[in-house]
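Based on the hints, put chain B in the right spot on chain A.
Listed in order, the protein sequences are those of chains A and B. Quick note, the first sequence lines up with residues 1 to 614 if you use full-length UniProt numbering. Quick note, the second sequence lines up with residues 1 to 198 if you use full-length UniProt numbering.
Each hint can be trusted.
Just a few of them, taken from the derived set where beta-carbon distance is under 10 Å, the chain B residues facing chain A:
#: 1; residue: Val-76
#: 2; residue: Val-77
#: 3; residue: Gly-78
#: 4; residue: Trp-79
#: 5; residue: Pro-80
#: 6; residue: Pro-81
#: 7; residue: Arg-83
#: 8; residue: Ser-84
#: 9; residue: Arg-86
#: 10; residue: Asn-88
#: 11; residue: Phe-90
#: 12; residue: Tyr-103
#: 13; residue: Lys-116
Chain A residues, not near chain B, derived (Cβ > 10 Å throughout):
#: 14; residue: Arg-65
#: 15; residue: Val-73
#: 16; residue: Glu-221
#: 17; residue: Ala-274
#: 18; residue: Tyr-328
#: 19; residue: Thr-379
#: 20; residue: Asp-382
#: 21; residue: Glu-411
#: 22; residue: Gln-415
#: 23; residue: Met-471
#: 24; residue: Asp-510
#: 25; residue: Gly-521
#: 26; residue: His-545
#: 27; residue: Ala-569
Listed next, the in silico SDA-like pairs over lysine to any residue satisfying Cα-Cα at most 20 Å (straight line):
#: 28; chain 1: B; residue 1: Lys-120; chain 2: A; residue 2: Glu-322
#: 29; chain 1: B; residue 1: Lys-181; chain 2: A; residue 2: Tyr-323
#: 30; chain 1: B; residue 1: Lys-116; chain 2: A; residue 2: Gly-265
#: 31; chain 1: B; residue 1: Lys-105; chain 2: A; residue 2: Ser-288
#: 32; chain 1: B; residue 1: Lys-116; chain 2: A; residue 2: Asp-299
#: 33; chain 1: B; residue 1: Lys-116; chain 2: A; residue 2: Ile-319
#: 34; chain 1: B; residue 1: Lys-105; chain 2: A; residue 2: Glu-297
#: 35; chain 1: A; residue 1: Lys-255; chain 2: A; residue 2: Thr-335
#: 36; chain 1: B; residue 1: Lys-116; chain 2: A; residue 2: Glu-297
#: 37; chain 1: B; residue 1: Lys-116; chain 2: A; residue 2: Leu-237
#: 38; chain 1: B; residue 1: Lys-120; chain 2: A; residue 2: Pro-321
#: 39; chain 1: A; residue 1: Lys-559; chain 2: B; residue 2: Val-77
#: 40; chain 1: B; residue 1: Lys-105; chain 2: A; residue 2: Ile-319
I should point out that these hints are in silico values taken from the structure, not numbers from a laboratory. Just so you know, even glycine gets a beta-carbon here, dropped at the ideal spot from N, CA and C.
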Amino acid sequence: MREDRAEMSEDEDRALDLGGGGPDASNKTESSGGSCGAGDSPSPFPDQVLDNVLEDVLRFLTSRRDRNAVSLVCKSWCMVEALTRSDLFIGNCYAVSPRRVVDRFRSVRSLLLKGKPRFADFNLVPPNWGSYFSPWVTAMAAAYPWLEKVYLKRMTVSDEDLGLLAHSFPGFKELVLVCCEGFGTSGLSVVASRCRQLRVLDLIEDEIMDDEVDWISCFPETGTCLESLIFDCVESLVNFIALERLVARSPSLRKLRLNRHVSIGQLHRLMVQAPQLTHLGTGSFSFSDLMVQGDQEPDLVSTFAASKSLICLSGFKDILPEYLPAIYPVCANLTSLNLSYANINAEQLKPVIYRCHKLQTFWVLDSVCDEGLQAVAATCKDLRELRVFPMEAREDIEGPVSEVGLLAISEGCRQLQSILYFCQRMTNAAVVAMSKNCPELVVFRLCIMGRHRPDHLTGEPMDEGFGAIIMNCKKLTRLAISGLLTDEAFSYIGTYGKLVRTLSVAFAGDSDMGLRYVLEGCPKLQKLEIRDSPFGDSALLSGLHHYYNMRFLWMSSCKLSPLGCKEIARRMPRLVVEVISYRDEETDDAVEVLYMYRSLEGPRNDAPKFVTIL
Amino acid sequence: MEGAVAYESDLNLKATELRLGLPGSNESEKQTLLSVKSNKRASPEMAEECRSKSNSSISDAGNDGREAAPAAKAQVVGWPPIRSYRKNSFQTRKKDEETTGIYVKVSMDGAPYLRKIDIKVYKGYPELLKALEEMFKFTIGKYSEREGYNGSEYEPTYEDKDGDWMLVGDVPWDMFMSSCKRMRIMKGSEARGLGCTV
Numbered sequence: 001m002r003e004d005r006a007e008m009s010e011d012e013d014r015a016l017d018l019g020g021g022g023p024d025a026s027n028k029t030e031s032s033g034g035s036c037g038a039g040d041s042p043s044p045f046p047d048q049v050l051d052n053v054l055e056d057v058l059r060f061l062t063s064r065r066d067r068n069a070v071s072l073v074c075k076s077w078c079m080v081e082a083l084t085r086s087d088l089f090i091g092n093c094y095a096v097s098p099r100r101v102v103d104r105f106r107s108v109r110s111l112l113l114k115g116k117p118r119f120a121d122f123n124l125v126p127p128n129w130g131s132y133f134s135p136w137v138t139a140m141a142a143a144y145p146w147l148e149k150v151y152l153k154r155m156t157v158s159d160e161d162l163g164l165l166a167h168s169f170p171g172f173k174e175l176v177l178v179c180c181e182g183f184g185t186s187g188l189s190v191v192a193s194r195c196r197q198l199r200v201l202d203l204i205e206d207e208i209m210d211d212e213v214d215w216i217s218c219f220p221e222t223g224t225c226l227e228s229l230i231f232d233c234v235e236s237l238v239n240f241i242a243l244e245r246l247v248a249r250s251p252s253l254r255k256l257r258l259n260r261h262v263s264i265g266q267l268h269r270l271m272v273q274a275p276q277l278t279h280l281g282t283g284s285f286s287f288s289d290l291m292v293q294g295d296q297e298p299d300l301v302s303t304f305a306a307s308k309s310l311i312c313l314s315g316f317k318d319i320l321p322e323y324l325p326a327i328y329p330v331c332a333n334l335t336s337l338n339l340s341y342a343n344i345n346a347e348q349l350k351p352v353i354y355r356c357h358k359l360q361t362f363w364v365l366d367s368v369c370d371e372g373l374q375a376v377a378a379t380c381k382d383l384r385e386l387r388v389f390p391m392e393a394r395e396d397i398e399g400p401v402s403e404v405g406l407l408a409i410s411e412g413c414r415q416l417q418s419i420l421y422f423c424q425r426m427t428n429a430a431v432v433a434m435s436k437n438c439p440e441l442v443v444f445r446l447c448i449m450g451r452h453r454p455d456h457l458t459g460e461p462m463d464e465g466f467g468a469i470i471m472n473c474k475k476l477t478r479l480a481i482s483g484l485l486t487d488e489a490f491s492y493i494g495t496y497g498k499l500v501r502t503l504s505v506a507f508a509g510d511s512d513m514g515l516r517y518v519l520e521g522c523p524k525l526q527k528l529e530i531r532d533s534p535f536g537d538s539a540l541l542s543g544l545h546h547y548y549n550m551r552f553l554w555m556s557s558c559k560l561s562p563l564g565c566k567e568i569a570r571r572m573p574r575l576v577v578e579v580i581s582y583r584d585e586e587t588d589d590a591v592e593v594l595y596m597y598r599s600l601e602g603p604r605n606d607a608p609k610f611v612t613i614l
Numbered sequence: 001m002e003g004a005v006a007y008e009s010d011l012n013l014k015a016t017e018l019r020l021g022l023p024g025s026n027e028s029e030k031q032t033l034l035s036v037k038s039n040k041r042a043s044p045e046m047a048e049e050c051r052s053k054s055n056s057s058i059s060d061a062g063n064d065g066r067e068a069a070p071a072a073k074a075q076v077v078g079w080p081p082i083r084s085y086r087k088n089s090f091q092t093r094k095k096d097e098e099t100t101g102i103y104v105k106v107s108m109d110g111a112p113y114l115r116k117i118d119i120k121v122y123k124g125y126p127e128l129l130k131a132l133e134e135m136f137k138f139t140i141g142k143y144s145e146r147e148g149y150n151g152s153e154y155e156p157t158y159e160d161k162d163g164d165w166m167l168v169g170d171v172p173w174d175m176f177m178s179s180c181k182r183m184r185i186m187k188g189s190e191a192r193g194l195g196c197t198v
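Next up, chain A with everything else stripped away, as it sits in the complex (with noise of 0.2 Å):
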């Protein structure tokens, strides 16, 4: 399961990654934050002891959003933030470039950085579109040669930035690549060979290539420090007696997360060798076809019982539903359940759920169906997170999961804070009763997949029961809308949505009005995601005196012509304006995608020929 590192949520507030209040302000306050330390030469400061006071006060100061607020006061703060910072988050690799960041902050230790548009992950934006580490790697590779953690999401990231990584940053310790591509087995060779003090090696939901190097025997054969593996992404074989030989010299070990090619009686043996485990991935939990003469059934059982850490459980790639029952003696202590590959019905899921009275999050398919979830319900008073996928994700069959299974989860985890709910069926006041009976909820994202589906019941749209969230759940800053709405229910979001960060929106509305209330209403958003609703240009203009607030806008299969984009281009020139074309012809019809963000660079000289910069 993917853990969310509170740098890597998308649903915490984000003022401008790096100070300065916004492009505007850089030329009217002296506080600007774009100009200072880009190659000031320091002028003797009146009073240089406070500055250095200033600056051991400041290496305590950690929230970024505190040290963007520092560093607005004065250019000597300024200065001496820029100095301090060693955790550096820059939420799109666009709005800055390396040569900038490098420039101003001088002793970074960690940088977490973010490419494609969260679209993406769903094939809406065309391989080779952009966000390349090579620059960056390029960069800090001279200028930070501490550096020690890498958190990179959608970026493309090749096996020549893996090697200079390796081969740059003596001190590296944790590389996290979460939604990233381009890279294979043989950059994370080089990374297990080269990288001696590494701890965390997480590999999140990539797409990784199969060089056929067998880089699990990479690690250094006297004894690593690795406290974190993760690699159930990786699609390829693993040396099997390598990675035993691996789990054996590594006593820091705690996380370790295996692909679905681990079969469960290797999974018996790695755990035997790493009892102190705290987070378990295990692999496919089921047979492979090939087993040594005389191996019995592992005795799954007393392993899970021996291993007394363990809160987080995820895997179950291939299940053998059977063997379910072996995780019976750790459900007590779970915190973290992630079933959402495991084809397991109601009755197979409920010994297990009513065990875990201290689960937090859980993830499942919708196989269980409404009575997996209501068991969930009866027995998770303190679930917060909660995650329901589809096994078949299609828009016209009557689906396992419907408002049944939400209206009972609503009722019995009162303290859930986020939910991402994909289902056939759904009714308002299902929704409803979730906004009243759950109002400690953060993120809510409902995903009913037939396009335009109304209330199932009562044939209304789902204006009402998402207008309910919006009103009712007052710590709501991310929503995710689906089904038949109208423009209401945006008028809801504009008016009560005064929290909302991130929107998604999808098939939905019926005018230009629908987007004008999200952007004339919602005072914080910074993460505005459409597809496929009757949007135009004149919304479009509605947004102008926001956008230099958010982090990105992203309209596909809208109704924008490229003149509104143009428009919009020319009277913002801080804005990267992004026309992503699926065909290979120019057209004047309307926009394919428009991708919008804020940026000190102005347009990226990597853009590929699909994509048009106004």
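Chain B in isolation, oriented as in the chain A frame:
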């Protein structure tokens, strides 16, 4: 969205890809038709395998709408919003899940490794025996009811629900499937003895 197919073929990776094969070999035509991105950088066999996977995929997930026929219910790219990674996990497994398998261990005298196989995938004895021959690299003789297996040192045997060791082939296939607990490919005279007791 047929224009979309064009960009699928633009794999810049090719220029810098690391392969075991020679750089000149050309399977790019096959790859442009892939909807499921092949994990391996090279190898035409993989391309073929991936293509047959996607053709036999039952799930309608809109994700692979690029190669789906635009007829009937129009499929939409990227809808429902499920990550390819997750969708692909189920597509490759869906075939396996149509039925629950009957797994039995198969050992062969003198061989260090067992195999665990799903006998449900075989339609009858001839297929099963052929598979065993391939797996363990030996030949089975010809079967006759009276004499068992003739013409080879090896005889396939199995343990049934009652704990008795029987010669494979003595009972009808369906009965075999429901009663077989494990198999052993016996060698030499021990095997002969079995054939006669039936």
